[in-house]
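Participant: Fit chain R to the known structure of chain X by using the hints.
In order, the protein sequence lines correspond to chains X and R. Note that the working numbering gives residue 265 to position 265 of the first sequence, counting from 1, and the numbers run on in steps of one. Note that the working numbering gives residue 166 to position 166 of the second sequence, counting from 1, and the numbers run on in steps of one.
In short, the hints are calculated from the structure, not lab data. Don't be surprised by glycine CBs; every beta carbon is placed ideally from N, CA and C. Keep in mind that the hints are not guaranteed to be accurate.
Covered, in the sense of this in silico footprint (three residues per stretch, anywhere, with C-beta under 8 Å from a C-beta of chain R), are these stretches of chain X [claimed, not checked]:
| no. | region |
| --- | --- |
| 1 | 120-127 |
| 2 | 148-156 |
Simulated restraints on C-beta separations [to be verified]:
| no. | chain 1 | residue 1 | chain 2 | residue 2 | range |
| --- | --- | --- | --- | --- | --- |
| 3 | R | Val4 | X | Asp114 | 23 to 33 Å |
| 4 | R | Gly118 | X | Asp107 | 32 to 42 Å |
| 5 | R | Pro207 | X | Pro57 | 46 to 56 Å |
| 6 | R | Pro176 | X | Glu286 | 55 to 65 Å |
| 7 | R | Pro65 | X | Ile14 | 26 to 36 Å |
| 8 | R | Ala220 | X | Gly81 | 55 to 65 Å |
| 9 | R | Phe2 | X | Val161 | 54 to 64 Å |
| 10 | X | Lys102 | R | Val81 | 33 to 43 Å |
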Amino acid sequence: MTPPDSGEIFVDGIRHESNAAKGPQISIVYQDQALFPHMTVWQNIEYGLHGRVKAKPERSARVRALARELQIEQLLGRKPGTLSGGESQRVALARALAVRPKILMLDEPLSSLDIRARAGIRSILRELNRSGITMIHVTHDYEEAISLASRIAVMERGTIVQSGNPREIFMCPKSEFVARFTGIKNFYEGSLVRTKHGAATTGTFLTGPLTMSVAVDARPGNGFIAIRSEDVTLSLAKPESSARNIFEGTIVDIIPTGNGVEIAIDTGIDIVARVTGQSCSEMNLECGKKVWVQFKATAARFIPAASPP
Amino acid sequence: MFLVFSLLGGVVLLFIIAPLAAMFLQVSPGVFAETAADKEVRGSIMLTLWTSMAATAVFAIAAVPLAYLLARAQFPLKRFVNGTIDLPIVIPHSAAGIALLGVFSRDTIAGKAFGALGIEFVGGYAGIMAAMAFVSLPFLINASRDGFAAVPQRYENVARNLGASPIRTFFTISVPLASRSIVSGLVLMFARGMSEFGAVIIIAYHPMITPVLIFERFGAFGLKYARPVSVVFISVCLVFFIVLRSISGEKRKFFQ
Chain X
1 MTPPDSGEIF VDGIRHESNA AKGPQISIVY QDQALFPHMT VWQNIEYGLH GRVKAKPERS
61 ARVRALAREL QIEQLLGRKP GTLSGGESQR VALARALAVR PKILMLDEPL SSLDIRARAG
121 IRSILRELNR SGITMIHVTH DYEEAISLAS RIAVMERGTI VQSGNPREIF MCPKSEFVAR
181 FTGIKNFYEG SLVRTKHGAA TTGTFLTGPL TMSVAVDARP GNGFIAIRSE DVTLSLAKPE
241 SSARNIFEGT IVDIIPTGNG VEIAIDTGID IVARVTGQSC SEMNLECGKK VWVQFKATAA
301 RFIPAASPP
Chain R
1 MFLVFSLLGG VVLLFIIAPL AAMFLQVSPG VFAETAADKE VRGSIMLTLW TSMAATAVFA
61 IAAVPLAYLL ARAQFPLKRF VNGTIDLPIV IPHSAAGIAL LGVFSRDTIA GKAFGALGIE
121 FVGGYAGIMA AMAFVSLPFL INASRDGFAA VPQRYENVAR NLGASPIRTF FTISVPLASR
181 SIVSGLVLMF ARGMSEFGAV IIIAYHPMIT PVLIFERFGA FGLKYARPVS VVFISVCLVF
241 FIVLRSISGE KRKFFQ
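Bound conformation, chain X alone:
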């Protein structure tokens, strides 16, 4: 559509033509679906087939098969304006798939949908992916990326700053930007002051009023600490444990999320712990309550600052 400023795109070794009906097809599905509003669902799905499939019966067969697969058979006669977000996205997928693309490009396909519709489309995408179609999926939602991708590339200002499989990205974010993208709640700026050498490398990280022990092999200097909220545990009394980092604080916020409850504790800095709804109610957690937070030094990940502040 937009001709490249430079370079060429090859799909399976065949050059992709940006403005022709020939060559390998790359279909795009937009966040807002962009269904043709003056056509019915059927006409939308059939649109790309004109010129590719001459015989009308075959076109109809393809439309019906896709409609069955995406469970939109009952919508075929409707106009896009009457569809819900999830239904529209199914139709948009059907329209894009009708032309049998080699690659399916998805531009935030789930972000305009409610949670239920999201789950439905997500499972459809997973099935499509299993059926062998390559998908390039653009998203701001790291859960979406984890649940769908086999490889992830994180882009910052137009360049890829890190790529790899989801584990690599989320367990080892290479920069503050990537760590923020992954949704890590506990992310602090400070400086690493001392590194002890031993069986495990342990450093001391100063951030605000707190001193943390972190497992690092980096040189001392300014940087960031990332701690996943799942790795932070709470207790009502001072715990006896192997965890190197134990702090006392006051609960300042309780945020229910899709999978558990996030508790923000003011220990001088805010630390977020994720607990299950059950333990939250069993421990009678409420705002203002004094609790102890703990996490292991290995759970705190140090990210050196890109440039010295």
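Facilitator: Only chain R this time, still in chain X's reference frame:
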């Protein structure tokens, strides 16, 4: 403030409605029927309607694609082109007629070329249509351009991505989605062409379209004879306008 504005608005409305209403009231139903049955009047009204319709149809073939270009394409002198299109609205229509006459009269190259094809501009239907189109084209082009501009480009991109050619995209996506504006532009152009007098009378006094006939009756016989023709013609125009507007789905807008 609203009271003052409403009063001022009322004066303006009265200014438009009062002369028309007075004219209608001064023509008795008997005279109206008599005029409507007048062969010359009927002929001229039919002529006015079909020439304006034909001019609109013929020029739409080129004007609608131009409107699309103006809405989508970036090209040098685009502002100049946009300005040029509005030119017929601001220049006196008699001057427009003179200008057209300079191009299409029998002793010019264009005039001779069309003459060889059997198309006469001066005193001919083609001349009437050219004069009508010249002054009414801006309405079609402006309305269509705004219509195309309001079509999200994303739809066109999706169509192209699905393998549709640019021309197929134009006809199956852009035109249908801009159809309201295009149709409203066509109606406006048709209506404006129908009411044109200045440019037409210079290029073609005969065959006589109704605005020219009204002028002639006024000159030859006076107000009393010009008035019934005006009333009959305005009635026909109004009926056409309302019918076309309601067909184009603009009914609600029009009546609100």
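Participant: Now tell me if each hint is right for this structure.
Facilitator: Here's how the hints hold up against the structure:
{"no.": "1", "hint": "120-127", "verdict": "violated (count 0)"}
{"no.": "2", "hint": "148-156", "verdict": "violated (count 0)"}
{"no.": "3", "hint": "R/Val4 / X/Asp114: 23 to 33 Å", "verdict": "violated (50 Å)"}
{"no.": "4", "hint": "R/Gly118 / X/Asp107: 32 to 42 Å", "verdict": "violated (57 Å)"}
{"no.": "5", "hint": "R/Pro207 / X/Pro57: 46 to 56 Å", "verdict": "holds (55 Å)"}
{"no.": "6", "hint": "R/Pro176 / X/Glu286: 55 to 65 Å", "verdict": "holds (59 Å)"}
{"no.": "7", "hint": "R/Pro65 / X/Ile14: 26 to 36 Å", "verdict": "holds (34 Å)"}
{"no.": "8", "hint": "R/Ala220 / X/Gly81: 55 to 65 Å", "verdict": "holds (58 Å)"}
{"no.": "9", "hint": "R/Phe2 / X/Val161: 54 to 64 Å", "verdict": "holds (58 Å)"}
{"no.": "10", "hint": "X/Lys102 / R/Val81: 33 to 43 Å", "verdict": "holds (41 Å)"}
The structure is inconsistent with the numbered hints 1, 2, 3 and 4, although it conforms to all the rest.
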